[in-house]
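Chemist: Order-wise, the sequence lines are chains A and B.
Residues 9 to 351 in the numbering used here are what the first sequence lists, from first letter to last.
Residues 9 to 351 in the numbering used here are what the second sequence lists, from first letter to last.
The reader is advised that the hints may include incorrect statements.
Below, simulated EDC-like cross-link-like pairs (lysine to aspartate or glutamate); rule was C-alpha separation at most 16 Å, straight line [as the list claims (entries may be wrong)]:
1) A:Lys78 - A:Glu64
2) B:Lys255 - B:Glu276
3) B:Lys187 - A:Glu148
4) B:Lys79 - B:Asp38
5) B:Lys316 - B:Glu28
6) A:Lys316 - A:Glu64
7) B:Lys255 - B:Glu225
8) B:Lys255 - A:Glu32
9) A:Lys79 - A:Asp69
10) B:Lys79 - B:Glu64
11) A:Lys79 - A:Glu64
12) A:Lys255 - B:Glu277
13) B:Lys187 - A:Asp343
14) A:Lys187 - A:Glu148
15) A:Lys187 - B:Asp69
16) B:Lys79 - B:Asp69
17) A:Lys316 - A:Glu32
18) B:Lys255 - A:Glu28
19) B:Lys79 - B:Asp89
20) A:Lys255 - B:Glu276
21) A:Lys187 - B:Glu277
22) B:Lys187 - B:Glu217
23) B:Lys316 - B:Glu64
24) A:Lys255 - A:Glu225
Worth flagging that the hints you see were computed from the coordinates, not collected in a lab.
Protein chains: 2
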Amino acid sequence: MGGDHAPGPEVAGAVAAAREAPVEVILVGDESRLRAELSRIGAAHTPRVHIRHATEVVTMDDTPAQAFRKKRDSSMRVAFDLVAAGQASAVVSAGNSGAMLSHALFVLGRSPGVERPGIVTVFPTPTGTLVLCDMGANVEVKPSMLAQFGVLGACYDQVVHGHARPRVGLLSNGTEASKGTELTRAADALLQRAAAHPEASFQYLGYIEGSHLLTGEVDVVATDGFTGNVLLKATEGMAEALLRMIKSALMRSLRGRLGGAIIRPVLEELRRSIDYAETGGALLAGVPGVVTICHGRSDVTAIKNAIKVSHRFARASLPQRLGAAIARHQGLWQDAAAADPLG
Amino acid sequence: MGGDHAPGPEVAGAVAAAREAPVEVILVGDESRLRAELSRIGAAHTPRVHIRHATEVVTMDDTPAQAFRKKRDSSMRVAFDLVAAGQASAVVSAGNSGAMLSHALFVLGRSPGVERPGIVTVFPTPTGTLVLCDMGANVEVKPSMLAQFGVLGACYDQVVHGHARPRVGLLSNGTEASKGTELTRAADALLQRAAAHPEASFQYLGYIEGSHLLTGEVDVVATDGFTGNVLLKATEGMAEALLRMIKSALMRSLRGRLGGAIIRPVLEELRRSIDYAETGGALLAGVPGVVTICHGRSDVTAIKNAIKVSHRFARASLPQRLGAAIARHQGLWQDAAAADPLG
Numbered sequence: 009m010g011g012d013h014a015p016g017p018e019v020a021g022a023v024a025a026a027r028e029a030p031v032e033v034i035l036v037g038d039e040s041r042l043r044a045e046l047s048r049i050g051a052a053h054t055p056r057v058h059i060r061h062a063t064e065v066v067t068m069d070d071t072p073a074q075a076f077r078k079k080r081d082s083s084m085r086v087a088f089d090l091v092a093a094g095q096a097s098a099v100v101s102a103g104n105s106g107a108m109l110s111h112a113l114f115v116l117g118r119s120p121g122v123e124r125p126g127i128v129t130v131f132p133t134p135t136g137t138l139v140l141c142d143m144g145a146n147v148e149v150k151p152s153m154l155a156q157f158g159v160l161g162a163c164y165d166q167v168v169h170g171h172a173r174p175r176v177g178l179l180s181n182g183t184e185a186s187k188g189t190e191l192t193r194a195a196d197a198l199l200q201r202a203a204a205h206p207e208a209s210f211q212y213l214g215y216i217e218g219s220h221l222l223t224g225e226v227d228v229v230a231t232d233g234f235t236g237n238v239l240l241k242a243t244e245g246m247a248e249a250l251l252r253m254i255k256s257a258l259m260r261s262l263r264g265r266l267g268g269a270i271i272r273p274v275l276e277e278l279r280r281s282i283d284y285a286e287t288g289g290a291l292l293a294g295v296p297g298v299v300t301i302c303h304g305r306s307d308v309t310a311i312k313n314a315i316k317v318s319h320r321f322a323r324a325s326l327p328q329r330l331g332a333a334i335a336r337h338q339g340l341w342q343d344a345a346a347a348d349p350l351g
Numbered sequence: 009m010g011g012d013h014a015p016g017p018e019v020a021g022a023v024a025a026a027r028e029a030p031v032e033v034i035l036v037g038d039e040s041r042l043r044a045e046l047s048r049i050g051a052a053h054t055p056r057v058h059i060r061h062a063t064e065v066v067t068m069d070d071t072p073a074q075a076f077r078k079k080r081d082s083s084m085r086v087a088f089d090l091v092a093a094g095q096a097s098a099v100v101s102a103g104n105s106g107a108m109l110s111h112a113l114f115v116l117g118r119s120p121g122v123e124r125p126g127i128v129t130v131f132p133t134p135t136g137t138l139v140l141c142d143m144g145a146n147v148e149v150k151p152s153m154l155a156q157f158g159v160l161g162a163c164y165d166q167v168v169h170g171h172a173r174p175r176v177g178l179l180s181n182g183t184e185a186s187k188g189t190e191l192t193r194a195a196d197a198l199l200q201r202a203a204a205h206p207e208a209s210f211q212y213l214g215y216i217e218g219s220h221l222l223t224g225e226v227d228v229v230a231t232d233g234f235t236g237n238v239l240l241k242a243t244e245g246m247a248e249a250l251l252r253m254i255k256s257a258l259m260r261s262l263r264g265r266l267g268g269a270i271i272r273p274v275l276e277e278l279r280r281s282i283d284y285a286e287t288g289g290a291l292l293a294g295v296p297g298v299v300t301i302c303h304g305r306s307d308v309t310a311i312k313n314a315i316k317v318s319h320r321f322a323r324a325s326l327p328q329r330l331g332a333a334i335a336r337h338q339g340l341w342q343d344a345a346a347a348d349p350l351g
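Make the full structure from the sequences, and use the hints.
Modeler: Below you can see the structure in the form of structure tokens.
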């Protein structure tokens, strides 16, 4: 109920997902509004689409803590309660993402050994995908959290993209060991140790620069949520700006307008392929349940894909496997906590 | 002498600059190699191109401190000494950028009141330019340094792009005051106070997200050198990846190949317009002299443009005006140093 255009895209997206995949969807929110919306789109009796009533809504203006403490019967809270009670496997929402995080932490808790859950985002690249963790859940982190984002991202990449030994990098301002900050240097040492573990299921490449993210030489990049969020939004903005610049350059000449008309369908397809709506939402990794955070402005396609992807994640036991990946390096995190140079 | 392909592009770039603009260029380095290179390109007697001999070269492997302490007669050191002695107005180099920074600090020092010089980069946008400071000189900063990067960037934008009251933003992971880090929140408060100064020559917009950098709503963005460097390189990488994706999408169909052949010249022109080589190097702001840091792989065009731009900066007294912009808020920096929450 908390997305920018809720509950329209949510209801239509749920119906579309339930038609395309064997997924049971529980719409959580004001029952009469949800029923009305289902009827409006001629989907009142869609198999596998259920409704669970909730009286309140977390808005974009609610602070994460307030939303959790004061709105005990919000659609977000009820959805998380369903997962905590084992009545659902995943929460998908286009609502307040800070509140999604606080609900995940307070209702589901963290998987054992996880210091802070991180948000995983997937970028399309010319040759495949790039997994980035954390893209915004934690703006101030410790070295062990940063190293855990690398381990969580690697496990995600392995399960979701099928890479046997994902190549993991740590985002920095240069590749030399002298580069980076106190934080990245300490995290680098931890990731080196984690990758040296006999049961480690990833390779660690060390520092990766911004210019090498999309070249296909790395599968997973760990960074703090501040840098990750800036990076994600800046590259989205750059892609949009570049497409606008191409369009306006083409409009300036007859030759350009002619060629532009010919290639328009190709560019449109490319735009769709790199659009967030096609990949659905972002996973909150490190909690015992699938939590998928969608853009507030998600449309029907984005919601549909987020539901289908969440269903796939739940069937693959992704939360359990992410927890196991962190548990594999248990001693490392304990040593790191004892020796944390940043306190 | 320290660029990736030195001294070829440096010599040819200097000759081209001296032919196109009324600039006197002193080539600093091994005299016989420089003379040979000038002869090789048929430019042995180019007016306004001079040579100053230096026996050593700072390499990309030298640490910034070593380069300064051990290579007293490097081409970089001699060039900085010329500026310190008033015999030159600007240093332009495609050599080791960390060493450029250490030489600037040790030979020229900081302009009065400047805590840390910052590197200014200019991004092309669909509607103009975006000035970013710092793009890599300082990876760990204090709030007052971050605020100074905003003031330096604003002054640069005013002098170089002619904006009467540049709109300055502080890069963050969201626009709400609760977003950002302890560092950005403290810098935000300082920039608000600086912009409220009766003689302030910029407007302060507060937090800016990565997605709003290239939309034309902001002229200048302040950030720390770690985030700035990651951002700069990631957006460059994204632009390259996107152009590659467009090219390969076009190659997949006859229609695409036809349209692609027609628009190729338009895309090539666009690529040139957003290429670093066209805009020359990046300015180190906050030192008493023009210091222009070029990509190690700079070609003739990049060097030529960096020299012409540096000449323009020197004639506009840009270093003095940057120093005056910082001095205007003198009390603010002193208060900030006294009250720095990060120590």
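Chemist: Hint by hint, note whether the structure agrees.
Modeler: Right, here's what the structure says about each hint:
no. : hint                : result
1   : A:Lys78 - A:Glu64   : holds, 10 Å
2   : B:Lys255 - B:Glu276 : holds, 12 Å
3   : B:Lys187 - A:Glu148 : holds, 11 Å
4   : B:Lys79 - B:Asp38   : holds, 14 Å
5   : B:Lys316 - B:Glu28  : holds, 9 Å
6   : A:Lys316 - A:Glu64  : violated, 26 Å
7   : B:Lys255 - B:Glu225 : violated, 30 Å
8   : B:Lys255 - A:Glu32  : violated, 41 Å
9   : A:Lys79 - A:Asp69   : holds, 13 Å
10  : B:Lys79 - B:Glu64   : holds, 6 Å
11  : A:Lys79 - A:Glu64   : holds, 6 Å
12  : A:Lys255 - B:Glu277 : holds, 13 Å
13  : B:Lys187 - A:Asp343 : violated, 31 Å
14  : A:Lys187 - A:Glu148 : violated, 19 Å
15  : A:Lys187 - B:Asp69  : holds, 13 Å
16  : B:Lys79 - B:Asp69   : holds, 13 Å
17  : A:Lys316 - A:Glu32  : holds, 10 Å
18  : B:Lys255 - A:Glu28  : violated, 33 Å
19  : B:Lys79 - B:Asp89   : holds, 13 Å
20  : A:Lys255 - B:Glu276 : holds, 14 Å
21  : A:Lys187 - B:Glu277 : violated, 35 Å
22  : B:Lys187 - B:Glu217 : holds, 10 Å
23  : B:Lys316 - B:Glu64  : violated, 26 Å
24  : A:Lys255 - A:Glu225 : violated, 30 Å
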